[in-house]
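Visitor: Protein chains in written order, with this note's numbering: chain Y, 856 to 1066; chain Z, 856 to 1066.
Honestly, the hints are just simulated from the structure, not real lab data. Do not take every clue at face value.
Put simply, identical chains are the same to the list, so a pair is met inside one copy or across any two.
DSSO-like cross-link-like pairs, simulated, lysine-lysine; straight-line CA separation at most 30 Å [as the list claims (entries may be wrong)]:
#  : residue 1 : residue 2
1  : K1063     : K957
2  : K1032     : K857
3  : K957      : K1001
4  : K1064     : K893
5  : K1001     : K893
6  : K1001     : K1063
7  : K1050     : K1032
8  : K1048     : K957
9  : K1048     : K1064
10 : K957      : K1064
11 : K1032     : K1063
12 : K893      : K957
2 protein chains.
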Amino acid sequence: MKHISIDVIETWARFYRANFINCLSGFKSANLIGTVNKSGQPNLAVFSSVVHLGSDPALIGFINRPLAAAPHTIQNIEATGVYTINHINPSFVEKAHQTSAKYPVEVNEFEAVDLQPLFIDNIIAPFVQESLIKYSLELVEIVPIKHNNTFLVIGAITNVLIHETLIGEDGFISLEKAESMVSLGLDAYFTTKIKARYGYAKPDLPIKKII
Amino acid sequence: MKHISIDVIETWARFYRANFINCLSGFKSANLIGTVNKSGQPNLAVFSSVVHLGSDPALIGFINRPLAAAPHTIQNIEATGVYTINHINPSFVEKAHQTSAKYPVEVNEFEAVDLQPLFIDNIIAPFVQESLIKYSLELVEIVPIKHNNTFLVIGAITNVLIHETLIGEDGFISLEKAESMVSLGLDAYFTTKIKARYGYAKPDLPIKKII
Chain Y
856 MKHISIDVIE TWARFYRANF INCLSGFKSA NLIGTVNKSG QPNLAVFSSV VHLGSDPALI
916 GFINRPLAAA PHTIQNIEAT GVYTINHINP SFVEKAHQTS AKYPVEVNEF EAVDLQPLFI
976 DNIIAPFVQE SLIKYSLELV EIVPIKHNNT FLVIGAITNV LIHETLIGED GFISLEKAES
1036 MVSLGLDAYF TTKIKARYGY AKPDLPIKKI I
Chain Z
856 MKHISIDVIE TWARFYRANF INCLSGFKSA NLIGTVNKSG QPNLAVFSSV VHLGSDPALI
916 GFINRPLAAA PHTIQNIEAT GVYTINHINP SFVEKAHQTS AKYPVEVNEF EAVDLQPLFI
976 DNIIAPFVQE SLIKYSLELV EIVPIKHNNT FLVIGAITNV LIHETLIGED GFISLEKAES
1036 MVSLGLDAYF TTKIKARYGY AKPDLPIKKI I
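Chain Y extracted, bound-state conformation (with noise of 0.2 Å):
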């Protein structure tokens, strides 16, 4: 195995590293992120950082990066307080990438790549109607990461919109079935093909496939 130092690593081209550092990572879950402005102007965009918090109570994390870099979904989370995170599925992965495009902030990212917005009940952030798994969220807290100007968003789940025969006996979603898609560096998405479920592990026992 080859040993590489972060001294050989800071030496690279921005673009190489950058695909290295996100690949290394690891796989991420692909999701779209609708929020709309103060206005009820509507924010469409691509995010591979969802990060479970917990399920009691229901937090979901996901990292925005710099302000700089990407202001328009986090500044419409803190002007309303609410959006949605929708499962990226192969039927509109090209137009889910698209969304990474540096629109100006009047354009609705939901025109440009023709996707359809899904407004229900009275949540003001838009779903994507294409995604077969959804939910949404009120922000929690907006936590800043000082080394990198990232940062973590905190939401409470408070709706989701799925299909009913996706959820197991035991509560598992089958996201296999469903298609949702992982995403991995800066450009690439896959889909997922199941080897296992174990049993709860514990000390002195042998670890047992249940799938």
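Position chain Z relative to chain Y; hints supplied.
Guide: Okay, now just chain Z, sitting in the frame of chain Y:
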């Protein structure tokens, strides 16, 4: 589609809800984190919450559950400032999952689950010999998340161990070829299959498939 509000989710049984919420946030990269305590006693634990924070500086985060539920990894990182993150591959995924058992603090999980620790140079935390992609980190900051007593642990990459053949000419790492696994929910592991890589998106250009 079924619309499920948080009021309903809160009435669900604990394990069903944990499965559901853990799946809802999507696929995650499956990693083992290696540490030692101040006496050099190794610890190894599976984590599914690694998140990319930035490439320059190269910062990676992960979420550590509350201290009462998962004290060993975070306490070792706090004590020594050093840890390793190791991608999980299919050849040892059962052993990796077994590290989630609540072993007493004096148990060395490498021995308990039969994985080989690898120590290199002056890095005091053990890598997982069997893992095809792995890296060491230096602790940068532990950010407490007050809403559920979890922690965002931020580290700076210091060293990477990887087969050179996995690195593409643009720095992209073929995690599909390495069979780095993704996890879902509490207990499921998947391999991946590439759908596409797309070019850097621009507002006035159609999306371009590059693989």
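Visitor: Is it within, between, both, or neither for K1050 and K1032, if the alpha carbons may be no more than 30 Å apart?
Guide: both (14 Å within a copy, 15 Å between copies)
Visitor: Have a look at K1032 and K1063 and pick one of within, between, both or neither, based on CA distance no larger than 30 Å.
Guide: Classified as both; 23 Å inside a copy, 27 Å across copies.
Visitor: Cα distance capped at 30 Å. Does K1063 pair with K957 within a copy, between copies, both, or neither?
Guide: between (48 Å within a copy, 16 Å between copies)
Visitor: Evaluate K1032 and K857 at a C-alpha cut-off of 30 Å and name the case that applies: within, between, both or neither.
Guide: Between copies only: 17 Å across, 37 Å inside.
Visitor: Should K1064 paired with K893 be assigned to within, between, both, or neither, using CA atoms and 30 Å as the limit?
Guide: Intra 50 Å, inter 35 Å, cutoff 30 Å: neither.
Visitor: Quick one: K1048 to K1064, C-alpha cut-off 30 Å, is that within a copy, between copies, both, or neither?
Guide: both (16 Å within a copy, 23 Å between copies)
Visitor: Should K893 paired with K957 be assigned to within, between, both, or neither, using CA atoms and 30 Å as the limit?
Guide: Within one copy only: 20 Å inside, 48 Å across.
Visitor: How would you label the pair K957, K1064 (within, between, both, or neither) given a Cα cut-off of 30 Å?
Guide: between (46 Å within a copy, 18 Å between copies)
Visitor: Taking 30 Å as the upper bound on the Cα-Cα distance, should K957 and K1001 be classified as within, between, both, or neither?
Guide: within (24 Å within a copy, 34 Å between copies)
Visitor: Checking K1001 and K1063: alpha-carbon separation at most 30 Å within a copy, between copies, both or neither?
Guide: Neither, since 43 Å and 35 Å both go past 30 Å.
Visitor: Is the C-alpha distance from K1001 to K893 at most 30 Å within one copy, between copies, in both cases, or in neither?
Guide: both (27 Å within a copy, 28 Å between copies)
Visitor: Between copies, within a copy, both or neither: which fits K1048 and K957 at Cα up to 30 Å?
Guide: between (33 Å within a copy, 28 Å between copies)
Violated hints, listed in ascending order, are 4 and 6; each of the other numbered hints is respected by the structure.
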